[in-house]
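K.L.:
Residues per chain, in single letters:
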Amino acid sequence: QKEVEQDPGPLSVPEGAIVSLNCTYSNSAFQYFMWYRQYSRKGPELLMYTYSSGNKEDGRFTAQVDKSSKYISLFIRDSQPSDSATYLCAMTDYGNNRLAFGKGNQVVVIP
Amino acid sequence: SQTIHQWPATLVQPVGSPLSLECTVEGTSNPNLYWYRQAAGRGLQLLFYSVGIGQISSEVPQNLSASRPQDRQFILSSKKLLLSDSGFYLCAWSSSARGYYEQYFGPGTRLTVT
Numbered sequence: 001q002k003e004v005e006q007d008p009g010p011l012s013v014p015e016g017a018i019v020s021l022n023c024t025y026s027n028s029a030f031q032y033f034m035w036y037r038q039y040s041r042k043g044p045e046l047l048m049y050t051y052s053s054g055n056k057e058d059g060r061f062t063a064q065v066d067k068s069s070k071y072i073s074l075f076i077r078d079s080q081p082s083d084s085a086t087y088l089c090a091m092t093d094y095g096n097n098r099l100a101f102g103k104g105n106q107v108v109v110i111p
Numbered sequence: 001s002q003t004i005h006q007w008p009a010t011l012v013q014p015v016g017s018p019l020s021l022e023c024t025v026e027g028t029s030n031p032n033l034y035w036y037r038q039a040a041g042r043g044l045q046l047l048f049y050s051v052g053i054g055q056i057s058s059e060v061p062q063n064l065s066a067s068r069p070q071d072r073q074f075i076l077s078s079k080k081l082l083l084s085d086s087g088f089y090l091c092a093w094s095s096s097a098r099g100y101y102e103q104y105f106g107p108g109t110r111l112t113v114t
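The listed protein sequences derive, respectively, from chains A and B. The first sequence begins at 1 in the numbering used here and counts up by one. The second sequence begins at 1 in the numbering used here and counts up by one.
Source of the hints: derived by calculation from the structure; they are not laboratory data. All values reported here derive from a predicted model rather than from experimental measurement. Even for Gly, the Cβ is constructed at its ideal location relative to N, Cα and C.
List of simulated lysine-lysine pairs, DSS-like, C-alpha gap at most 30 Å:
(1) A:56 <-> A:2
(2) A:103 <-> B:80
(3) A:70 <-> A:56
(4) B:79 <-> A:42
(5) A:70 <-> A:2
(6) A:42 <-> A:56
(7) A:2 <-> A:103
(8) B:80 <-> A:42
(9) A:2 <-> A:42
Chain B residues, not near chain A, derived (Cβ > 12 Å throughout):
(10) 15
(11) 18
(12) 26
(13) 70
(14) 80
(15) 113
So here's chain A without its partners, still in its complex pose (with noise of 0.2 Å):
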């Protein structure tokens, strides 16, 4: 069983959709959650990260964390044209310097 998967799409929504993704992982230690936007042919960018269980807001960004079942979410509401990228999720326990990635999700929002 892979730490973290993640089903990397494409996922294609028109503009103004709710995008909605998702990781789930195996690690019932871990307690730090990222998500990361990457542009194609460049470097990932962190948008958001979250400790333990709960919900997190910043602007259209929504990330959720459910431990009980090793499941986290990131939902982007109103979607641009200009969020069009790969979204990876990323999550690590208390202490450690390595995160475990997913592969990433492809995201596509068609004007």
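Fit chain B to the given chain A structure using the hints.
P.N.:
Relative to chain A, chain B alone:
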């Protein structure tokens, strides 16, 4: 604010040639530094990380090496490149004081070995 630089941006090298990629971070002291490789369909692979000058941890045994000659400089090297070394190389940093899990990536170097 902190910024991270990588160069070169792109590189085409023949098999068997040496490699040197450089990463520097500005605006912070004593950062944790990381080298990743991103290959198509394989996600991000951690190659090396460093918590201080001269301190290097290797995650994957291969023909690559890393060095940290200065606090905010991280170098990835190889004596002889293989075809399988092609990929997108990313340097990242995180704070050693807090938020080590918040890793910030550079723009990357795209390496093609021919």
